[in-house]
Structures are given as C-alpha cells and as structure tokens.
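Protein chains: 2
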Amino acid sequence: MHSLYNDILIQELKKYRDKKILVAFSGGKDSLMLLDFINKQKESLNIYAGACHINHGLRHTAKRDEDFCRLYCIKNNIDFYTYNISEELKKDNSGGIEASARKYRYKFLLHTVKENNYDFLFTGHTYSDDIESFFVDLYTGASLFTLGGIMYENDKIIRPMLNITTEMVNEYIIKNNLEPVFDETNNDIKYVRNRIRHKLIPVLYDCGNEFEKSVIKLQKESNRLNEYLYKKVKHVILKQDSIVILKRYSFIELEDIEKEYLLGKIFSLFFRVSKNILHAALSFLNNDDSKRLDLPNGYMIEQSYHSIKIFKKILISDYVYNKPAGISLFKTDDFQIEFFNELKDKTIIIRNRNKGDKFGRKKLKDLFIDKQVELFERDRAVIIEENNVIIWAEYISKNNNIIFKRYGI
Amino acid sequence: MHSLYNDILIQELKKYRDKKILVAFSGGKDSLMLLDFINKQKESLNIYAGACHINHGLRHTAKRDEDFCRLYCIKNNIDFYTYNISEELKKDNSGGIEASARKYRYKFLLHTVKENNYDFLFTGHTYSDDIESFFVDLYTGASLFTLGGIMYENDKIIRPMLNITTEMVNEYIIKNNLEPVFDETNNDIKYVRNRIRHKLIPVLYDCGNEFEKSVIKLQKESNRLNEYLYKKVKHVILKQDSIVILKRYSFIELEDIEKEYLLGKIFSLFFRVSKNILHAALSFLNNDDSKRLDLPNGYMIEQSYHSIKIFKKILISDYVYNKPAGISLFKTDDFQIEFFNELKDKTIIIRNRNKGDKFGRKKLKDLFIDKQVELFERDRAVIIEENNVIIWAEYISKNNNIIFKRYGI
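Protein chains in written order, with this note's numbering: chain R, 1 to 409; chain A, 1 to 409.
No lab work stands behind these hints: they were computed from the structure. We put the beta carbon where it would ideally sit given N, CA and C, even for glycine.
Okay, derived cross-link-like pairs now, DSSO-like style, lysine-lysine, Cα gap no bigger than 30 Å in a straight line: (1) A/Lys217 - R/Lys217; (2) A/Lys220 - R/Lys220; (3) R/Lys234 - A/Lys217; (4) A/Lys231 - R/Lys275; (5) R/Lys213 - A/Lys217; (6) A/Lys232 - R/Lys247; (7) A/Lys232 - R/Lys275; (8) A/Lys42 - A/Lys156; (9) A/Lys275 - R/Lys231; (10) R/Lys220 - A/Lys190; (11) A/Lys199 - R/Lys190; (12) R/Lys275 - A/Lys265; (13) R/Lys232 - A/Lys234; (14) A/Lys362 - A/Lys405; (15) R/Lys232 - A/Lys220; (16) R/Lys217 - A/Lys247; (17) A/Lys213 - R/Lys217; (18) A/Lys234 - R/Lys231; (19) A/Lys199 - R/Lys217; (20) A/Lys213 - R/Lys213; (21) A/Lys220 - R/Lys234; (22) R/Lys275 - A/Lys213; (23) R/Lys232 - A/Lys239.
A short list of chain R residues far from chain A (calculated; beta carbon distances all over 12 Å): (24) Asp79; (25) Tyr83; (26) Glu88; (27) Ala280; (28) Ser307; (29) Ala325; (30) Gly326.
Partial pick of chain A residues on the chain R-facing surface, computed with a CB cut under 7 Å: (31) Leu138; (32) Tyr139; (33) Ser143; (34) Arg195; (35) Lys199; (36) Leu200; (37) Val203; (38) Glu221; (39) Arg224; (40) Tyr228.
Sequences are here, hints too, so could you generate the full structure?
Okay, structure coming up:
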C-alpha cells in the first residue's frame, strides 16, 4: 500500500508514538478511515487506540450508526465507548441544535479521555472540511479575526486528517473494502454546510483551484491576526473565568478595533456573537450612565467604577436563606458564615439586598456607594437580618459574633 | 419614473450639485446608465457633465465602442473626450495586461479631469462589481488587509453606483430604451473575473444571499484593519516617493505582522505583491549581512546603516558624462556642477563609482564607509575625474573650484 495519504498519516501518527489515543468515531467515512488506519498501524507505531461514539439521538438512523461502530470495534478488538446525548440536547437549545450538539459531543468525548486516561482525542476532520468551513464561516458572518478554520491542535484534541482530502478518503475506503455509515442529513440542503459542500465547492473547483491556496493563506493570516490582537489587549483582562473582569480604564484606552476584538473574543466563550450584539455592547460601554446591558443566553455586561464584568445573570439573582436557632455554621457554594454567642441561638435570615434596604438610619445603597463597592458585588452582597432588621452587611460591617468567608468570586 | 435606483442615485448626485463631473464612459450598460441618468437630471441637480472614453485598442470592436460613445454624446450634447492607449499598452507589460490597462486608463482619465477643470471623475462600478471583486481578490490571493473592495471615493474618483445592483442597471436600460455596447470579452472565461461572474456568483445566490452581507462586512473590516495597522507603522516611514525610505531601527522593532503589512503596502505601489516576495523581503531584512535584494518590476530593496530603501534599480545604474573644455556649468536631472578657474577649461569626466576606484592613496569605498555614506548614496555619488584621476567625490571632497548641487533624492 503506497499512496499520498499513507505518507501524510504515517508522518502525523509518528508524533504520537507510545500514546493512548481516543478516536471520535461517528462511523462516517472520515473517522472510519482514521480509526482503521490507526488500527492497522498500531503495532508498528505503538499507539494504543480506543474509539468513542456519540449518539445524538436526532435521526432514526442513530442507533444503526452506533451499532455499526460497536460492531467494528468488537471485530477489531478496539476499546469502545458510547454516550447518548439526546437528553442533554432536549434541555439545551441556547445556540441552535448544531452548536448544542457540538458542545455536548466534545464534553462527553473529553470526559471519556479523562476517565480512561487517554492522552489525546483524535477527530477525523479533513482538509476538505477545513476549506468548507471557510465558506461556512463566510456565510454565517465571521469576522476577519475568526476566519481561522479548523485548528490542528486545541487542548487535548488533535486533528491528524487536516491534510487529507475527500478524494484520499474515498480512495482509502474503496481500497480497504470499508463500508462506512452514511448520515442522510449530509444531503439535506437546509443546512448551510451541505449547500456549500454540494453546490458551492464543486463550482469553486470548476473555476480553478487557486482559491484553495488563498483560503489556507487567509486562515493562517486570521490566526496570526488573532494572536497579534490578543497581545495588544490581554493586559485589559483581569480575570477570565465563569465571570470575566476587564480593567475599565485600560479598556477605554484601546483602539476601537481592539475593543471590538476583545469583546468578540470574550462573548464567543458564552454565546454566538453577532455584529449587532457587539455594537450594542460597544455603545453601552461608551455611555457612562449605563450600568448593565442584557446579552444573549442569560448573560449580562456591567460597567462599574473600575471594572467591566461579563457574567451570567443568575449570579446576581435574589436569594433568601434561613439559619435556624441553635445552628452556628451556615454554608452555600459561594460563602460560609459562622455565628457566635447570642447569634448562634437566634433565627437569622441571610439574603441579598432588596430595594430600599436601610442599615441603621442610612440607605444600604448609599453605604455601598460610599465604599465604592461595585454594582455586581452590591447585588450579591450577603445581608444578615434578625427580626426584620439588618444587623450585618458584606463589605460594610464588622461584628465580633459573625465570621464571614466568601469563596471564589 | 420611480424605482429604487432612482432614489439611490438622486441621493448620491445631490452631493455634487454645482460641480463639473467627468464620467468614465465605456459604452457598456453600467457607465451608460450613469451618464444617461446624470444627463437627464443635470438641470435639476445643476451638474455639468462630460464623458471620456478610453479606447484600449485591444479588441476588434474597440472602434465600434468609441464611435458609439461619441455618437451618444453628440446626440445628447455632452462634451466628449477620447484617448487611444494601445501604444502605451504595447510598451508596458509590467504587471499583466489587465493591470496595465487599468493604470493607463486612470492616467488618461485623470489627465482629462485636470486639463479641462473637472471637479471629479465618476466611474460606473456597481454593487455587483464590488461583490465580484471580493471573490476575485480571494482567488488571486488577497490578504486580510487587502480585501477592502472597491473604494467609494479615492482622490478625485467617485463611484456613485456602488449601491446599484446589476438588476437595477438592467431595469434602467430597458425602461429607457438604451442600447449599450457589449464587450464580448466579458463572456470569456479565461479571465478570473468572468468565471466568477458567470459561474460562481449565481451559485452563491442560489445558496442564499446571506453571503452578501458577510462580504460587505468583511470588506469594511478589512478597510478598518488597514487603517489600524497603518497607524501602528506610519512612524517607520521617513519618505514615500519614487524612492521609499524606512527608518531601519523602527522597522526592526515592529511586530512581524506589522512588518509584513508595511512592506506589502509599499510594494503594492510598485508591483503586484505575492506571499513569496513578501517572505523573501522579510527574511532578507532579518539578515544583517545582506545589502540588496531584487524585487519585481526592476525594483530593489536595500538595507544600510540607518535606513531601508525601496527604489527602481535604474536609479543606481552606471552613468558617465563628459564636460568639454571651456564649459563651466554641467546639469542633469539630478544635479548640477559649476566649474571654476582652471577646471572650467579642462575636459572633465563626471561619473559614478567603479569597482576599485581610488581617491588619493585610499580606496574610495573605504572613504565612503568611514563617513557612513549609505549604499544607495555611494552608488549614485558623483565622482569627478580629470586625466584618469579622481579629483573630487560627493560626500567626501571639498574643492574651491567646484560647486555641486543635487536636486531631489
């Protein structure tokens, strides 16, 4: 067996000698080629390979595909893992079914990697997928910063087929008498990707194949531009976690294009970014009076004294807890409070602020403002109330009978 | 008459009330619509319009088109200008026939504007041309910085039809019973643009027209990115003329992407830039030992002590002049020399340096190096020789009988 794909794949796989590899295995021709190739070379390369099939449960042929994958692995003595994610997909529809499917697919694949001590996850994305992706990105409104295409490597995910074309896959499948499953929805032109694959790409090649080189060049440039701009803005990011905190005064000093890049990059962690959302957020941040703006998917952006925060709305939602008499330690995921002496024996209400709250004679809000407590912290701040009177407030009070400790944010 | 194009064009043309406008008139439907529309509105808008036809002399139908344009203008009482640029095109083929044609077309159009005191040149580029251009750029290997599309305004050139689609043009042509000439080469699919127009664009629209919005968005982003990067690099440019001079130490401190952007931008003034040329120039500039590198179209890049220069090779070519006895003033385009006393009466050779030149006992080269004369200046430096002996050298000598003056570079 000597073909171009052989040289390319052997070259790739040599990098993973002595490693334990999990292949994302749909049963389609790309991932079947990848798994089959690895399986036939595993001894010479000393690669240990397993396969994981994610059943989305969305098509009536989903079970057929799962069974095909299981059978192939049994026949070839490959460790096989499978997950059905249809329940998760039913619950989550934050960004369209394709985005949700991708999210849960990778979640379960990477979970399998971790649980079973694999070194890497391999996926069957090909060169042709990468070229297609450029035009999908173009159609769905990518920006110059996000035309980067499919990444070869990302975290533990490796895509060793990125230099393999559809033609090479077909050649391999035929030569090796393989019978991959076929996802009927691949022909359904209601999906942008399929329209591009079946209608646009053939015409592009018909016009000449110079465009391939240009696409690859632009993808590389987009990645470089991304790195370049990230270097220019990274000093603005104070914290990037489930809540993102930006230094407000550093943000203000950025060039417009840097601001847009930074927001786009952060937003894309949480929801699908459109030009309209970006522009709304930018004009919100240009207006000193505005405090908060709703973003998609239950997120918010807030500007306060020194910071800009992006977080899930639920983090500032109301809460009320009850500490019964006789209990000294009260714990939530976010904080713990220890009560001493007479407070231990009382019924105590633990909550966040309500409109009009007063602490002593003063408005709680004014006290927070005096201490320059930022809006986000004000709304989450723990208030302790006894007999309808506030006796303690986070950021403001000291009380020898209360020891308060906040974890995380 | 009430159509969308009417509102768009009236809106556009209102900006040029009381102006004298020259329309670039090929006789094709786009420029015919533009000229016809202006002609019908010229009184209400108080626009004075002339038309200029450039005959490229490349097709056997070129004369037919010129005649059509002339006749239309005579019938409609419009000042008409025409140039045949076939001679210029025969001589110049530095960047392909399409690029040369564009260069001379605009040269003669702008010449006509100037000679006849027009305020602006209008061209008939349409929205559809702009979308097409994006894919032409994509095919021919544009970078993220050069995807900007057709500019609405550039110097004295205005493109008021950029929001007019091909459909609107066709509607206008039919409604007004116009009979434009048809350039048969528009159907010749040996040209990338025609392949894209006739094969690719219809399929793109067939896939849905979201791509239009994306293209316009990317074009805008590309222009913004261009401005942004220009801001980051402009301090490096010392002089930008027929010879470009960059500050070498400022250049070295740029980020890689900024270097590439700056060179690309400068090179594009002189020749068609490819990725290979850019990379060759960048790696040349990373190597302290290299002094000069040949670029396309007879250009060179040079790095010297403090500067990087990009110039036409001919500027450093050999020259030898002869000042006959009895003549005191010698002049070229670049410099003049006045000879006094005994020198006036002698035969003097005026030339640039030869390999191995000695001045007194020293090598001329060493003298130049001692004075840190940059390479470009060394090669152009005026040497004065009498009886096979160098008696004076620019940058080095003083001689009371010689007054030397250099113009320009």
